[in-house]
Amino acid sequence: MCSLSHLGFVELTIFPTVVNLNRIKLNSKQCRIYRVRVNDLEAPFIYNDPTLEVCHHESKQRNLNYFSSAYTAAVSAVDPDAGHGELVIKVPSELWKQGDEMNVLKVYIEFSLDQPKGGLHFVVPDVEGSMAERGAHVFSFGYQNSTRFWFPCVDSYSELCTWKLEFTVDASMVAVSCGDLVETVYTHDMRKKTFHYVLPIPTAASNISLSVGPFEILVEPYMHEVTHFCLPQLLPLLKHSMSYLHEIFEFYEEILTCRYPYSCFKTVFVDEAYVQVSSYASMSIFSTNLLHSAMIIDQTPLTRQCLAQALAQQFFGCFISRMSWADEWVLKGISGYIYGLYLKKTFGVNQYRHWIKEELDKMVEYELKMGGVLLHPTFGGGKDKDNPTPHLHFSIKHPHTLSWKYYKMFQCKAHLVMRLIENRISMEFMLQVFNKLLSLASTASSQKYQSHMWSQMLVSTHSFLKSISNVSGKDIGPLIKQWVDQSAVVKFFGSFAFNRKRNVLELEIRQDYTSSGTQKYVGPIKVTVQELDGSFNHTLQIEENSLKHDIPCHSKSRRNKKKKIPLMNGEEVDMDLSAMDADSPLLWIRIDPDMSILRKVEFEQADFMWQYQLRYERDVVAQEESILALEKFPTPASRLALTDILEQDQCFYKVRQGACFCLAKIANSMMSTWTGPPAMKSLFTRMFCCKSCPNIVKTNTFISFQSYFLQKTMPVAMAQLRDIQNLCPKDVLNFILDLIKYNDNRKNKFSDNYYRAELIDALTNSLTPAISISNEVRTVDNLNGDVRLILEEITRSLNMEKLLPSYRNTITVSCLRAIRMLQKNGHIPSDPSLFKSYAEYGHFVDVRVAALEAVVDYTRGMHRTSPSEVSRTHPIPYVVHKILSMLGKNPPFTKAAESPLCNEALVDQLWKLMNSGTSHDWRLRCDAVNLYYTLFGLTRPSCLPLPELGLVLNLKEKKAVLNPTIKPEQGPDTTEMTGITMGGLITMETVSSVSMSSGVAPPPQGLKRKLDSVVGPLGSSSPEPGQVLQEEDTSKKFKIRFNTVEEDEIDMESPHDSQAFIHHHLNILERPSTPGQHPAVLSLPVTPLPSSFGKESTSSSKHSGDHHHHHHHHEHKKKKKKKHKHKHKHKHESKDKERDSHAFSNSPASGRSARSPSMSD
Amino acid sequence: MADPAVMAGGFSAIRSGCGKATSSPAENYQLARRRTLQVVVSSLLTECGFESAEKATVESLTEMIQSYISEVGRCAKAYCEHTARITPTLSDTVVTLNEMGFNVDTLPGYAKRSQRMVITAPPVTNAPVIPKALIAGQKRTHPSHIPSHFPEFPDPHTYIKTPTFREPVSDYQVVREKAASQRRDVERALTRFMAKTGETQSLFKDDVTAFPLIAERPSSIPYLSALLPSELELQTLEETDSSEQDDQTDSENTPVNNLNDDPGADKENSVLLAGSVVPLVKVSEESMIDNPYLRPVKKPKVRRKK
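Top to bottom, those sequences are chains A and B. For the first sequence, position 904 matches number 904 in the UniProt record's numbering, and the numbering has no gaps at all. For the second sequence, position 25 matches number 25 in the UniProt record's numbering, and the numbering has no gaps at all.
Note that these hints are calculated values from the structure, not bench results. As the structure is a prediction and not an experimental result, all values here were calculated from the model.
List time: in silico DMTMM-like cross-link candidates among lysine to aspartate or glutamate, alpha-carbon distance up to 20 Å:
(1) A:LYS681 - A:ASP738
(2) A:LYS802 - B:GLU187
(3) A:LYS747 - B:ASP171
(4) A:LYS802 - B:ASP185
Partial list, computed: chain B residues near chain A (C-beta under 10 Å):
(5) THR191
(6) ASP207
(7) PHE211
(8) ILE289
Glycine residues also receive a C-beta, built at the ideal position from the N, C-alpha and C atoms.
Assemble the whole structure, with the sequences as input and the hints as a guide.
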């Protein structure tokens, strides 16, 4: 691992709004703070980060409930919205009087950042050449407000100030940051240059970012204010990928009737990005993997969507910020909503509705499984922890305690709710509301010296709802109450009967509101009935106890009357009505067709009705619903309907793709009665093969993208077909092999890499479990003939990839999956070593993730290796995140099942990971929490030895589980573990045994009390955010110098030496990332520091005492920010402070409590 | 002397063509000539009073004399052809020698000098057999209006289409089949070769040679190979697009050339833009565009308080 360090200083100018401002709290993590001065006077400070280690080491509790509450408490203790922070600066007493007169305070902080693990990510490729030639770059990243990781600030979205930023970098580098680049000046030795940025629009520190690298520069040809940056050699790709951006700009500016708020926009494409898209004030950081050439089809829409998302967040999220965490949903909702409008305009209504359905289904599925997602949590100020979401294993009080998946669903729900509001008040009003928010904000932003106006730039749930009611005059209270203030979704079951006598449709709609994640719905619901004489909408009222609804029908049933049938969209079509019930005029029925309720509908209607719906309903959502329903009706009629849809090129391509898979499923259910060639084969032949020789596919042109997507999907679906022996039919397999053989892309201007990858996927799909004769070892000789052919193709493709790599290595990814499938089905020996080598650092990230997925799968299948072993990777945050979430998705064992892996060492290791190992990245910590939850549940892991008898924990469980827990502990566990798993766990075991013996000493009750004392005062003292801290007219001066320190932390040369590796990994985890833990640092404020920068760099190496190998000064950066003015209004000064410092004394760095008396006046 | 042009040409052809195999009669003939020339050079040296000479020197002089003679021959032939003849005459040679700055009048005197050494004739080797030209069909006789002393017509096959190939298989199916299997064979052979010569990974423990996988090699910048189109793909793209883009590229190229010497582009930007072809088009606009990232980097202020 290579990592770099930087030096810097921050200058904040604070306008106090209260008289007795004598302490200033700032956020800072990881940074080593050398000195703090207030108005040129040295100021004492305390640095304490309770999130470094959440629970004390001696804790033997090990249950997630305990951890979650402790973690929430720790995060609350430094929550900037509540006026807290890790860094507490005492204003020198000489200035107190000044403070009374409310004079400006200038706080000057010198700090350094040594090998940051979060906040800034350094990418330094290990090749020859200068830093610029190597393409080394650095960028800031983080989940929610994470700016505190790289410089001290008030890390809140609601604290706005103007900025002046200066970065000094090597002359070959470009520093891209927020705001306008005013000038670039060489340093005196002409080897470096300083970039001066000014951001006159008040911006929260959390929206500040930086990236530095030897970027290639592209000025947007249509808009010269927009500049794109990419890594060397990628400029042609950048040029192509960005050729579309100006249209997105135009679109948003038009619908919002508002100019883009910043005077410039920058896009930076970086390697090893944390997320694909992250937006900051006037700039966005993207993953470099989004870039593509003109030959790539599949990536193009995805990249454009990412650009559109980023741009939407520029308006709502960056320019307009949020008042508090509880208002996050408004911003995510609006940006997601306008992004949806863009989708609709660019990719069409079909794509838009498909997307809405997809998002809705995804969210509903999550909520039903995990319990509700709450958009607007309100936390009563009461002392009792009234948790609004008791079903979750994490707290939703802070963004940093959320599970990543939950947060994604949160965003999903937010934009869906915005769409519901639009349905209610009309799009016109909706856009007027957005315009109002934006114009208020831009008026406020231009008020330079009236910072109280700046609160207009923050949006809150309240203000948003108020503008809605002002603009539209409509009351959307019930809607908000149902979907925003409450979690959970609605689950409908519908069925109907037709009453011929009354010519009435008797519809029954039941609800399930008792199971988890569901709520009761009362209100209107739209039902669309397609009858012979047309389509009719009915609005029914769902009330408490009424299940049945009578809907009068407009048309009589009729026989053999040739007449066109009018559809919803006014179209009139001929239908073959012979399939329908002669007595009923009903063709099909849809419940809530516009998705105006967040719901799941299970509706029962006859198969012919679904078939009519599929064929004739023009709404893609209806078509997709009917495809899903038809899976249950494997009849020739369904087959015909699906085939017809497949052939209809008017039909939306995603519907046709869905029809492929449904057809495969139906064919499998109809196996015995199926006539003709395998499903889809003749269709494919007709569409894509040569007329003269039907077994040879045409040479690729991919001119029609719809056909392209269908051509890709059909073989994959066909490979799912099975014959009576439950094998893939020989016909189909040969067909796919022929497709691969005759694939000819020479005359195509598009790349066929995705197509070839899907053909490999098709081969994978065709695999079925091997018939194993006893438990013999798999050898080459007893390889089945078909499998041999498949394996040959895979080998050849994988080898060709080494010589001619495909875009994003899609083929390698598919091949790895195929090999894992072969292993899983017992055709070839199961062995993770291949995947492990592909998972190493130095492969393309998609390949690594695919390989890791295979290893995870192997772990689950074999119960042999430890999952912790998997997490030994190069610390690219994204990859580690992926590992943890994949382990969570596909756990090697769960709390219900017994497993030899479930042992104390693993518990210990995972506990350590979430307790202290991931303090540098909120997302990782939450991932680790998730995994712990999946593996062990909320309570104490069953594999742990029971705590001492005196402990109050789990009385019931103890009785029941006492014996079984002890038995597997000593029996299979220890032997198997030492025998099978790699050394990493063994080293862990020694650690855990040490903690075991020491764990006996302190009585666990003490811990409990401690916890209470942490939580108690915080509960009472956390006031409404936004009230406590009212900062005004703030701006910062900020200077950072970066030093490059290269360290051989992980020996990648010997990747197979996993013991050393894990050991190393653990060392990394153990190493404190913040100097606040070193007692030595306490003396720092007193230590006078050399003021010239040249000397400081040496002092930094001196301080980084325990781990400096060789410091290269590759790169020097300096940052400056000017004039930061904060106003703190500390309401609860003296009393709460005492309690606060008391709270600190419970946190890891408790040695500091000795100082607290001096701190609280 | 044979036609020097032929000689020189034949010599070099043999040099480059057959390398070590020096057994052909033509080759022997050439070598014999060369040896004679060497003797000539040596005797001339002796005549001039040298007692010994380095081999390399003799070689060089031989080379020079050979070139000189060849040049005389070539020029003489040129002169004769210029006057529409095919065999050089004495006058052609004289003109040539004069042209080359040699006083022909001194030649008889020099030839009769007393101390000249007699050189034995080159050993009789079979003159190189002029390979028989392929005779296919009857040569045409001259038509009546062409005098008979004019050269004969060449063989008819040199100017008349001779069908010597079979009708290519144009059956679509067979062509596709062939192309597919050819490509597959090439790919297989290539990957097998790479696997044989490099490190491999294996899927089977018992037989590591079955289905060998070329071992993965981590690259330090993995995204480059994964994102950039391969040369093969670029080639395809060019081929497919060449027809469409022909006129575009022309118009694009012109401003590019002007811009390379744009004096406004400062050192920094040129460094950044170096190696990238694409932005150059942009630069022309950029001279008008005011983008802060394209502005020149300022020099530090003369004195700044430290």
